[in-house]
Amino acid sequence: MWDVAVTAFHMMTPIKEPPLPTALFGTAIALFMGFRTNAAYARWWEARTLWGALINASRSLARITRSLTKGEPEDSEMRYNIILRQIAFAHSMRCQLRRQSPYEEIARVAGTEVADMAVARLNPANALLEDISGIYADAFVEGRITEIQQATVERVLIDIANAQGGMERIKNTPLPNGFRFFPNLFTRVFCVLLPIALVESLGLATPIGSTLIGLVFLAVLSIGEDLTDPFANSVHDVPLTAICRTIEIDLLQTAGLPAPEPLTPDQGVLW
Amino acid sequence: MWDVAVTAFHMMTPIKEPPLPTALFGTAIALFMGFRTNAAYARWWEARTLWGALINASRSLARITRSLTKGEPEDSEMRYNIILRQIAFAHSMRCQLRRQSPYEEIARVAGTEVADMAVARLNPANALLEDISGIYADAFVEGRITEIQQATVERVLIDIANAQGGMERIKNTPLPNGFRFFPNLFTRVFCVLLPIALVESLGLATPIGSTLIGLVFLAVLSIGEDLTDPFANSVHDVPLTAICRTIEIDLLQTAGLPAPEPLTPDQGVLW
Amino acid sequence: MWDVAVTAFHMMTPIKEPPLPTALFGTAIALFMGFRTNAAYARWWEARTLWGALINASRSLARITRSLTKGEPEDSEMRYNIILRQIAFAHSMRCQLRRQSPYEEIARVAGTEVADMAVARLNPANALLEDISGIYADAFVEGRITEIQQATVERVLIDIANAQGGMERIKNTPLPNGFRFFPNLFTRVFCVLLPIALVESLGLATPIGSTLIGLVFLAVLSIGEDLTDPFANSVHDVPLTAICRTIEIDLLQTAGLPAPEPLTPDQGVLW
Amino acid sequence: MWDVAVTAFHMMTPIKEPPLPTALFGTAIALFMGFRTNAAYARWWEARTLWGALINASRSLARITRSLTKGEPEDSEMRYNIILRQIAFAHSMRCQLRRQSPYEEIARVAGTEVADMAVARLNPANALLEDISGIYADAFVEGRITEIQQATVERVLIDIANAQGGMERIKNTPLPNGFRFFPNLFTRVFCVLLPIALVESLGLATPIGSTLIGLVFLAVLSIGEDLTDPFANSVHDVPLTAICRTIEIDLLQTAGLPAPEPLTPDQGVLW
Amino acid sequence: MWDVAVTAFHMMTPIKEPPLPTALFGTAIALFMGFRTNAAYARWWEARTLWGALINASRSLARITRSLTKGEPEDSEMRYNIILRQIAFAHSMRCQLRRQSPYEEIARVAGTEVADMAVARLNPANALLEDISGIYADAFVEGRITEIQQATVERVLIDIANAQGGMERIKNTPLPNGFRFFPNLFTRVFCVLLPIALVESLGLATPIGSTLIGLVFLAVLSIGEDLTDPFANSVHDVPLTAICRTIEIDLLQTAGLPAPEPLTPDQGVLW
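Protein chains in written order, with full-length UniProt numbering: chain A, 1 to 271; chain B, 1 to 271; chain C, 1 to 271; chain D, 1 to 271; chain E, 1 to 271.
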């Protein structure tokens, strides 16, 4: 943002300059940026909504699992297996989206055996989901759940797979090049030209006027850029770590296990 | 809003000032604010829609529960248990979203035992939902409902869990910082500069002109701020208390129990 | 709209007036109004879509009911009962949304007994839906339909309940105060100031110019206001009476009963 | 569009005219028109999407029907009956939306008996859907399909009914009067005034300038009008005839019957 | 984009020209283009979302297939058959959307027999889907899966059919003519007129000013055009080949078969 101030101060020594048509230029850029900001915000909000859907589906999976596996010791082991794998699924998705290795997190939650199995696949989260499905299939074959109950679970797994696919779509499909390159270019050119255009009418007040207007455009530009990649592990991200912790707590409590504390903002930022 | 009038009156003693490019500045801000207002309104309306979905799902749960539990005294007790827990769920969600303790409300509706169980969890509403699911699971194990009927109920519970997750998403994910900080800043700066820019051409009419335009911008600003957090227990909120009362009445009447009166606006505001 | 003409004619005797910054003021209002119109239109269209969903679900309920109840005289009585209650449901929703008593309409279609039962509840339409659910539950207990068929019906009833809840949401949640009060105020102020601002440059043509521009703003204003409450029983409403008639005809014909004629526009307006 | 040129040429003999505030007027109209165009485009695209949904659901119905009816000669007759009725359903919807008699098309595809039964109803397409549902109900009673399979089919029929209802909604609910009357009026007034306003500054170039701007507004106006009624059997329509042919081919091939060729554009237009 | 520079340089030898009302013209075009860009972006994003839905549904189909077919050698053959057909389905959709022959790809994945069967149909992808459905129907008749499991699979197939239909809708329904023809025309006319209008006030700086503004409009224009047809096999496309590869890897790994490497960007472009 300092380039505005810099160019503004340069203009303190103005030579006679023609008034460029900044109004038309500014309006055209504003419309363009408005569109970009809209698209970026929609991406960010959809990313958050998909993680919300994952929270919901995780809770539903845990709730249904608890309802279906009451009593027998064999069942309670199955319950733990599924809930731990689902927690591992959330952590694995987080790591995959942030381009980190999910091995450690999966191993911490569900054991190294599961982690080995998962990372052998291109998509570890998908492997965990198949594993959950497989545990239920075994339970059905052994007659511990009915086919209807298996179908109910599969429907929740489909919801989880849809949330997963949506997150990967947002991560793997950046905004088209034009939406990233042109707003950047035009806004910077605009900020450079702005003082030249204003200096004749504003005189000494030029730095103030052009800084103000330039700031508005740069603010919109930077907001749009921050929101475009909501899984970049930056300050403006969807707080994946905190969401994963929420899932972990809710599911562990459903299984009757001790749960960690929820994450609190670290210097005002929730990661 | 009075700062507009104040700055305007200050301008009654104008010194020679350069005409700032307020048109361009104002247009840029207007576009920015339009976007913010859009996003805020969408949040508010989604919040209301999610509570509407909770009303619908609560009614459906009560209707299905009534249809499935006809006759036997044991069944009517189950019916009461489920309907009271669902009412408690709505009140609990309301308190959780408004950062109030849900204990008293749950205890009032469903008894202290249920309330103790619920508040022992990080998310009391989720605990209530699991409890409902558990009651149905017991009924299935005891052969009082079929597996298909259990699946139908689970589908309604999934809808309820989705509504719950959506509300928590809106509560826990404020608009990105940029959308809260910049519109505020820019609008206030704009209102301060407006009379300076207008005073040369308007003369004595400056206060009128700048107050009018400033009011439009401040009005849009305050609307956007009011709608951004629809669960803040303020005047512009989604009327959660009234909605919870609606759920309470509908469900109690479905169960054939006496119901309270619907809430009426208190000094024009429905809470 | 005549106030425009009136203020314009007043301006035929102009005193020297400063040129108010109407361009900036008008642009700000236009953006604000555009937003309001968008929201109002979305409400109106969602209201219409929800009634369309009620038509679809009513047809599906009738179709499924007909398919499930073939042959036995007892079944044909059940078919009539359900279809008449569903028609009564549509009429009841219409009356509830227009704040009219639904008693007469329910009694006309489904008999006074059903009407008495329905109006004893806060939400008569909901009572009718529960009644339909109850009839199917009885049929299941008596073994005339299977549990799967009951589940299929319940799914349609959930769709109907969702449509009902959506309509009530739109009716009970007006646009936030700011969206109703400010556009009205600003537009009227704008129309009063417009001739003052134009009179210097336009001279005798002032009334024409200001009337034209004022008309555009007032037209947008009135469209927004008409669409905001789509169930107000006014000219611009969703034609609930005609839609209810459509449902009545379709369902009676499905049941093989004589049906009334569809409603035709009355002086160009379909109610 | 020629009225622009005409008025422009009239202006070649200009008398002294005051400069009307066309910029403000034009901006207000542009915002209004933008909104109208948005709504019209959304209607057109939703109409297309609903027909797409009908294609999808028709294919799914045919696919499921083929999977469920393998082998027995009685079953293959049932398969043909259902597929032919579904093709007739698509053609019937097309004719109903275009306000044409569907009798001939239904008779061509599914025989006169079915056509007689259908047109006896206010909504022939709905009658065909009920007939399909009835055939499946008979098959269930005769034990040729299971109740689960019947439920799967009913779910597809619900999708089809929803698509049907959406199409009827778009056909029967034009845009509110204000959106059709005012843009037309204002745009024409604007085009008439434009040369008057421009003639002083442009001189001889007035016809060029006003024609260009007028053309933009008229182009947007006519696009909006073309898209508003997407089932009007005009050039800008959703190509219903081609879509019905696609459904016919896909379904006949699924049933192993000879299929016609797909439709090709006729003079660049697909009907 | 060079025509801007060219016309700009022509303007270095300016004759006295009247100032055309470029501000109004530019604003009108900007609004029009903004709308077009919005619609084009929505098409592109929906196209990407539909392919994402296909990825999700393919994974779900593979996961369910693996869960249902555990153990028997006959079952593992069925598992391979289904997974290979689903991979072939994705490749076939890609070829069909890009107007290429899908024969080779289907043959490579699922064998020539399947490819022959598929291309004999107007819509090969649809034939593959029916084939999958048929394999499951056979398994049900032979008692290897239950009817509930068949219903679960059919639900996934309905999701796949819906994604397929959506892709075909976007491919076969270009934007209405008006949205393609007019923005192109108006933007080019605007770029030609721009230097004429600016030359008087800008003088020697005209080429710079008009090039800048023209570039903004041309950039928006070209972005809109690139996104309009997201399956055109061009640089700005949805990367279908890479997505198909992802599906292939995920499904082969689910079946325990060796999988190829994921595609990497080729000179910065993912196809």
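Any given hint could turn out to be false.
No copy labels: a pair is met if it fits in one copy or bridges any two.
[What the hints assert, rightly or not] SDA-like cross-link-like pairs, simulated, lysine to any residue; straight-line CA separation at most 25 Å:
#1 LYS171 <-> ALA151
#2 LYS171 <-> ARG144
#3 LYS171 <-> ALA242
#4 LYS171 <-> GLU77
#5 LYS171 <-> ALA259
#6 LYS171 <-> ASP75
#7 LYS171 <-> LEU215
#8 LYS171 <-> TYR103
#9 LYS171 <-> THR69
#10 LYS171 <-> LEU193
#11 LYS171 <-> GLU261
#12 LYS171 <-> GLN253
#13 LYS171 <-> GLU147
#14 LYS171 <-> SER101
#15 LYS171 <-> ASP226
#16 LYS171 <-> GLU113
#17 LYS171 <-> THR49
#18 LYS171 <-> LEU252
#19 LYS171 <-> ASP229
#20 LYS171 <-> VAL189
#21 LYS171 <-> PRO260
#22 LYS171 <-> ILE135
#23 LYS171 <-> LEU185
#24 LYS171 <-> GLY143
Keep in mind that the hints were calculated from the coordinates and are not lab data.
Same-copy or cross-copy closeness of LYS171 to LEU252 [CA-CA at most 25 Å]: For LYS171 and LEU252, only the inter-copy Cα distance (23 Å) is at most 25 Å; the intra-copy one is 29 Å.
Within, between, both or neither, where LYS171 and LEU185 count as close if Cα-Cα is 25 Å or less: within (24 Å within a copy, 32 Å between copies)
Within, between, both or neither: LYS171, GLU147 at alpha-carbon 25 Å: Classified as neither; 36 Å inside a copy, 38 Å across copies.
Intra- versus inter-subunit Cα pairing at 25 Å for LYS171 with ASP226: Close inside one copy (14 Å) and across copies (21 Å); limit 25 Å.
Within, between, both or neither, where LYS171 and ALA242 count as close if Cα-Cα is 25 Å or less: both (19 Å within a copy, 14 Å between copies)
Same-copy or cross-copy closeness of LYS171 to ASP229 [CA-CA at most 25 Å]: both (7 Å within a copy, 22 Å between copies)
Intra- versus inter-subunit Cα pairing at 25 Å for LYS171 with GLU113: neither (28 Å within a copy, 38 Å between copies)
Up to 25 Å CA-CA - THR69 versus LYS171, copy category: Answer is neither: 36 Å inside a copy and 33 Å across each miss the 25 Å cutoff.
Copy assignment of LYS171 with ALA151, given that the CA separation must stay at most 25 Å: Neither. Shortest intra-copy (30 Å) and inter-copy (33 Å) distances fail the 25 Å Cα cut-off.
Within, between, both or neither: LYS171, GLY143 at alpha-carbon 25 Å: neither (41 Å within a copy, 42 Å between copies)
Intra/inter-copy verdict for LYS171 and GLN253 if alpha-carbon distance must be at most 25 Å: Between copies only: 22 Å across, 31 Å inside.
LYS171 and GLU77: within-copy, between-copy, both or neither at 25 Å Cα: neither (35 Å within a copy, 35 Å between copies)
The structure is inconsistent with the numbered hints 1, 2, 4, 6, 7, 9, 10, 13, 16, 20, 22 and 24, although it conforms to all the rest.
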